[in-house]
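Chain order of the listed sequences is A and C.
What the first sequence shows, in this note's numbering, is residues 1 to 477, in sequence order.
What the second sequence shows, in this note's numbering, is residues 1001 to 1439, in sequence order.
No lab work stands behind these hints: they were computed from the structure.
Where a beta carbon is used, it is the ideal one built from N, C-alpha and C, also for glycine.
Any given hint might turn out to be false.
To be verified - A few chain A residues facing chain C, derived, Cβ under 10 angstroms: (1) G248; (2) A249; (3) L351; (4) G352; (5) A369; (6) V389.
What the hints assert, rightly or not - Residues on chain A that point at chain C, a partial pick, calculated with CB under 8 angstroms: (7) W232; (8) V250; (9) R252; (10) L254; (11) A366; (12) G376; (13) L377; (14) A380; (15) L397; (16) T404; (17) A411; (18) E412; (19) R416; (20) H426.
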Amino acid sequence: MPLGPRLDRPSAVGDEGRPRAASLTVTAVIVVAVVVVVGLLNGSPLLFTSAGLFVGLASAGLALLSRDRVGSVVLGHVCFLPSAVVLAAIVVFSGLTGTTVGLWLLVAGSLLALFGVTAGWNDVFDAESVREALVASALSYVFWLLGVVALLILASVGWLGWTLLDFFITDAGPLVGLLGVVAMVGVASGCLYVAVRTVPAVQLAPEDRRARARERYDVLKSWLLVGAIGSWGLLAAAVLAAATGLLGAVVRPLSAAIAVLTSALTAVLAVVATVALLLSVAVRSGRWAASEARQRSTRSVAAAIAALCYASGLLLAVPMLARFGNRGIAVFLTIPFLPLSIYLVLAGVLLGFYVGAIPRRAGPAALSATGLVAVGLGGALAGYSSLFVFATVAGGLVAWDVGTFGLGVTAELGHRPETRRLELYHGVFAVGVGLVGVAALTVLDAVRQTVAGGIGTPAAMGIAVVGVVLLLVPLRG
Amino acid sequence: MTRRRTRWRGAVTAATVLAGAGVLANNGTLLLAAAIPLAYLLYGTVSAASVPDGLTVTRRIEPRVAPPGRPVSVTVTLTNDTGRTLSDVRLVDGVPETLAVLDGSPRGGRTLRVGETLTLAYSLVARRGEYDFAPPKLRVRGVGAGTVATTERVPDGDERLVCRLDADAPPLSDSGETRVGRLTTDTPGEGLTFHSTREYRHGDPAGRIDWRGYAKHGELATVNYDRQVSATVVFVLDARKSARVSAGPGRPTAAELGAYATTRAVNTLLQAGHNVAIGVAGLDGDGPAGLVWLPPGNGSQQRSRAIALLGDALDALDDSGGLTPSLVKQCRRVADLVGREAQFVLVSPVLDDAPAEAIELWTSFDQPRTVLSPDVVASNTVSGQYERIRRRTRLARCQAGGARTIDWRRGTPLPTILELTFAAEAKQADPGVRAGGGG
Chain A
1 MPLGPRLDRP SAVGDEGRPR AASLTVTAVI VVAVVVVVGL LNGSPLLFTS
51 AGLFVGLASA GLALLSRDRV GSVVLGHVCF LPSAVVLAAI VVFSGLTGTT
101 VGLWLLVAGS LLALFGVTAG WNDVFDAESV REALVASALS YVFWLLGVVA
151 LLILASVGWL GWTLLDFFIT DAGPLVGLLG VVAMVGVASG CLYVAVRTVP
201 AVQLAPEDRR ARARERYDVL KSWLLVGAIG SWGLLAAAVL AAATGLLGAV
251 VRPLSAAIAV LTSALTAVLA VVATVALLLS VAVRSGRWAA SEARQRSTRS
301 VAAAIAALCY ASGLLLAVPM LARFGNRGIA VFLTIPFLPL SIYLVLAGVL
351 LGFYVGAIPR RAGPAALSAT GLVAVGLGGA LAGYSSLFVF ATVAGGLVAW
401 DVGTFGLGVT AELGHRPETR RLELYHGVFA VGVGLVGVAA LTVLDAVRQT
451 VAGGIGTPAA MGIAVVGVVL LLVPLRG
Chain C
1001 MTRRRTRWRG AVTAATVLAG AGVLANNGTL LLAAAIPLAY LLYGTVSAAS
1051 VPDGLTVTRR IEPRVAPPGR PVSVTVTLTN DTGRTLSDVR LVDGVPETLA
1101 VLDGSPRGGR TLRVGETLTL AYSLVARRGE YDFAPPKLRV RGVGAGTVAT
1151 TERVPDGDER LVCRLDADAP PLSDSGETRV GRLTTDTPGE GLTFHSTREY
1201 RHGDPAGRID WRGYAKHGEL ATVNYDRQVS ATVVFVLDAR KSARVSAGPG
1251 RPTAAELGAY ATTRAVNTLL QAGHNVAIGV AGLDGDGPAG LVWLPPGNGS
1301 QQRSRAIALL GDALDALDDS GGLTPSLVKQ CRRVADLVGR EAQFVLVSPV
1351 LDDAPAEAIE LWTSFDQPRT VLSPDVVASN TVSGQYERIR RRTRLARCQA
1401 GGARTIDWRR GTPLPTILEL TFAAEAKQAD PGVRAGGGG
């Protein structure tokens, strides 16, 4: 029995959106080979396995964010945002620590190419899925921010209450202590009143005793209300009496007894008030989850749950980050802002789709090809061998050719007919053209480096570029 | 038609970026790398495509004449007799739009070497009518897939599927107007099967005298045979709006399947020598209580009339939309009209309560009654599952009302079911069990 939602359900493998499996396999083999080689040349042999994990999770999360079940969408949130944040951190970190632009391009291009492959398999990288991911994930981020603000307010109130409590018990004199006890009675009565009104105790009682329980609860509620109002009234009267000095005269002889009363009652009343308040909140939340949550949209509920998951994850990470001292604190304070970079990227991708910079149907193939060309560019700038550069650029072109060809096969024939031979035949030719090109250019490059002199000069290169541009004019693709 | 496809704009961009970066970084390797996208651009541009004449297409439809609901297999073959390998050939058969593909795919593509064949095999669900298949579309690409040539090639073999209500009903050539039916009664008479002997009476035909008994005992006795009689069976086809639904797009409606089931059953009963009447509910007909009505009769002419009536009724369904009398009222009127000797068969998908109420009404006539129900409820959705339970509950209600219920599930051949019900029972000698008998 499969665990969790499946990514390859028919709706995710639409007739139009996803290239056929053989084409995707060819692309995947090329991309994996390039990324493994990049890792080995770069001195990070685990680049593929470590980055691949997060790329896979981010892609799966992107796919799941478009689903219509709360569980799947929550899983999508949990997979997407943290993985995307990690990938963004890897790219930014490699940019900061890399000695050249080339090394940064190598890492960024590898991740892009890997993401293109996974997005192709999951059929997710189109304008609709990216927009849905952007909206859903941003919503979860907003919920998380609101939760953090609420938590901060709650913590402040708690701290204030604790300070007051401490003041009443230890530092305040008998007069203030007495006023504090009266105030606490009012607060505790009010909180108990709210709790009794909220908890469905009458409904939970056996049916034959329900009428009697209702009567008792009505009496209890009345007493608590009277207690709360009376306490606050008493407090007001006591403050007036204290202001006139009358209460001070009465209290002074009883200061020892009042000190005992204050220290014994205040803490108990505070505990009662807190428990009653927590109980009310828990019951209200449970009732909301059981009734109203179903009527809310899947997106909002899943975003709220995801926000809770983010907060829990961050709290769990605190002890680990604390071990790194100031650097850990800096990371902890930076993490909340990293998702903004992801949303910026997603918004850029959406813009790319709308202006036509990214092909609407062939997004994954374009990502893989762009990533591999970027790796080739990075390799050249980092001073890697020309064979690696040519092979990587050729790999990017093969990925584009095979990916778009497979997409066309799916669009014309659907996903039912067996088309492996058709795709592989095309793939063999595409790879063949690449191999011939790479071989020829490697020889040419060797000759260039041997003869060096006139061929490598900027003037010769400028002439060559003019020649390339002239060639591109009639062959516009 | 040949057209060029733009696939390499990205390669142009890549070449420009690599060349630009090469110049900026003064890097000869990058400049050379810019030639790779250009090589692919060239590879896509120079590849040409055309549809050669040596590609032959053949289509086979099996069966070419089918009743509604019957799966029809279609096989299309494309053979490369061009003398060269074709790197990318794609074929899409011209399936009539109103028919649904049940299994397989009418599309396919592969690389075809000389003499090789691409075969498309798929099956359709037949719907009443005549359907012409469009010529298959043939698409050929060059090696670089930059050019696409498309054409329509008229296939050899079958081009038309005919779906008739009486497609698999045998002719009634062996049944004459004078047949008396195959039901037997307790009262002996003329016939073929031995029943008993009685004392000879003057005037008994010599052929019925028990000569062997006379030789043995010296007394004349006359042989009695099982007397064979015919029954009148009334079919009411439910073609109301609730029955004009299908299990999915391109599939026959319940009314179509019901008409086919009625045709088949009528044929079987007429072959057995019974009288048959037909009423179609759901149309504004000239018959009793607004039914489209065929009075009881037998023989091959009655069969022709029945098929014509059902066909005309199905044709009229698309145009009808007005109010029609209730099914229960129409069934009561039919029962009053044909008298208490007739047997009743209600052909309905039972998608509302009216059929069950009609059966309960017929209970008062104390005659055998049957519900033949084509199943058109989809079971792959929650609402479908719910509707399926409701339908079964209604069928159980019909059964509780004394009717024999026949649930014609999709995929089960109708002749098998009818053979097991009408024909088999009609041939039984026990008078307690008659054609369409209850229980």
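Comparing the hints with the structure gives:
Here the hint on G248/A is broken, as its CB sits about 75 angstroms from the closest CB of chain C, past 10 angstroms. The restraint placing A249/A at the interface with chain C is violated, with a minimum CB-CB distance near 78 angstroms, outside the 10 angstroms limit. Given the 10 angstroms rule on beta carbons, the hint for L351/A is violated: about 17 angstroms separates it from the nearest Cβ of chain C. The criterion of a C-beta within 10 angstroms of any C-beta in chain C is not met by G352/A, whose closest approach is roughly 13 angstroms, and the hint is violated.
Proximity of A369/A to chain C holds as hinted, the smallest CB-CB distance being about 6 angstroms (cut-off 10 angstroms). Given the 10 angstroms rule on beta carbons, the hint for V389/A holds: about 5 angstroms separates it from the nearest Cβ of chain C. About 56 angstroms separates the beta-carbon of W232/A from the nearest beta-carbon of chain C, more than 8 angstroms, and the hint is not met. Restraint check, V250/A versus chain C: the minimum CB separation of about 74 angstroms is more than 8 angstroms; hint violated.
For R252/A, the shortest C-beta to C-beta distance to chain C is roughly 77 angstroms, which exceeds 8 angstroms, and the interface hint is violated. Because the closest C-beta pair between L254/A and chain C is about 73 angstroms apart, greater than 8 angstroms, the hint is violated. For the restraint placing A366/A at the interface with chain C, the shortest Cβ-Cβ distance is roughly 6 angstroms, inside the 8 angstroms limit, so the hint holds. At about 6 angstroms, the closest approach between the beta carbon of G376/A and any beta carbon in chain C falls short of 8 angstroms, and the interface hint on this residue holds.
The interface hint given for L377/A holds, since its Cβ lies 6 angstroms from the closest Cβ of chain C, which is under the 8 angstroms cut-off. Checking A380/A against chain C: minimum C-beta separation of about 5 angstroms stays under 8 angstroms; hint holds. Nearest Cβ of chain C to the Cβ of L397/A: about 5 angstroms, under the 8 angstroms cut. The hint holds. With its C-beta approaching chain C no nearer than about 6 angstroms, T404/A sits inside the 8 angstroms limit, and its interface hint holds.
Interface restraint check: A411/A against chain C, minimum CB-CB distance 11 angstroms, threshold 8 angstroms, status violated. With 8 angstroms as the threshold, the beta carbon of E412/A comes within range of chain C, its nearest partner Cβ sitting at about 6 angstroms, so the hint holds. At about 4 angstroms, the closest approach between the beta carbon of R416/A and any beta carbon in chain C falls short of 8 angstroms, and the interface hint on this residue holds. This hint holds: H426/A has a C-beta 6 angstroms from the nearest C-beta of chain C, less than the 8 angstroms allowed.
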